[in-house]
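Asks: Now for the letters of each chain:
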Amino acid sequence: MREATVPEKTQQQQPDVPDTREEARTLAPPVDIFENKDGLVVVADLPGVGKEDADVRVENGILTLKATAKSELPGEPLRHEYELRNFFRQFQLSEEVDQDKIKAEMKHGVLIINLPKREETKPRQIAVQVS
Amino acid sequence: MARWTWDPFQELEALRRQVERAFEDYRGGRWPLARTAFLPGLSARSYPLLNINEDKDTVYVEALAPGLDPESLDITVRENVLRIAGEKPSVNPDIKAEAFHRNERSAGRFVRTLSLPTGVNAAQVKATYTNGLLTIMLPKAEEAKPKQIEVSVS
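So the protein lines, in turn, are chains A and B. Its first residue numbered 1, the first sequence is counted upward by one per residue in our numbering. Its first residue numbered 1001, the second sequence is counted upward by one per residue in our numbering.
Derived by calculation from the structure, the hints in this document are not laboratory data. Since this is a predicted model, take the numbers as computed values, not measurements. The beta-carbon is built from N, C-alpha and C at its ideal position, and this holds for glycine as well. The reader is advised that the hints may include incorrect statements.
The calculated label-pair distances, taken between Cβ atoms and stated as ranges, are [as the list claims (entries may be wrong)]:
hint, chain 1, residue 1, chain 2, residue 2, range
1, A, R118, B, R1112, 42 to 50 Å
2, B, K1145, A, K37, 55 to 63 Å
3, A, K37, B, V1111, 31 to 39 Å
4, A, E52, B, A1123, 34 to 42 Å
5, B, I1149, A, E76, 15 to 23 Å
Make the full structure from the sequences, and use the hints.
Replies: Given below as structure tokens:
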């Protein structure tokens, strides 16, 4: 699966301003992508992202992951080893993926997206008759 | 009067500590960004990454640890040392290596210890795990809390 580098459309009125990615700096989350018998599975680590803060969409064959991470740690900082930022990553989907059947679930900060293949692209077992 | 002799080993130790502190600042304190670009991946480094906050009564520790098995978490406090152990299970243990297009996430058992900056009341420590962030609340021990001293003006 190819990683897409398509600029995101900005809601700007000026026609001469080129499309850019969002202004806010984002992190590309680490992902696992593997095939099982139904299709492809994308697993992404999104710490600090709740169920309603993850945005998964497919447009023109491009899968976009967008998520807002937040943490509500009270008090004054003593020592910080990481900073939560928003997540953003895009992938080019193959023609074989059935875009209507894509399903995503979120659990413990891990996003799992199931991308099933179209029925007609799945291998079919053909019984060989021996006479 | 204290006896003081020049000890080269002590000097070396002090130098080592200074160098270590310099790098610690780089990693954690002043430029947290230096580490955000690298979420814990497939390598052995201190895992999980921790953010530590405090207020008057409590020390808060937050660990960046998505996808843990909450049952496997083992958090202990002993002599002001916090120990976090647990396991991040692999989502896909049965998938063959050749079926992977990308494999950037890590999995496995981990343990990390942290010396707490103040004494804590170990009996009252609470931990929650939401959205892949482990938050541990450690109430400070009575003797570690700041005390207001009133100045009487006569």
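Asks: None of the hints should be skipped; say for each whether it holds.
Replies: Hint check results:
1. The given range of 42 to 50 Å is respected by R118(A) and R1112(B), whose C-beta atoms sit roughly 45 Å from each other.
2. Evaluation of the 55 to 63 Å hint for K1145(B) and K37(A) yields a pass: the beta carbon distance comes to about 59 Å.
3. K37(A) and V1111(B) have their C-beta atoms about 36 Å apart, which keeps the hinted 31 to 39 Å range intact.
4. With their beta carbons about 36 Å apart, E52(A) and A1123(B) fall inside the hinted range of 34 to 42 Å.
5. At about 21 Å, the CB distance of I1149(B) to E76(A) agrees with the hint of 15 to 23 Å.
Comparing the model with each earlier hint shows no violations; every hint is respected.
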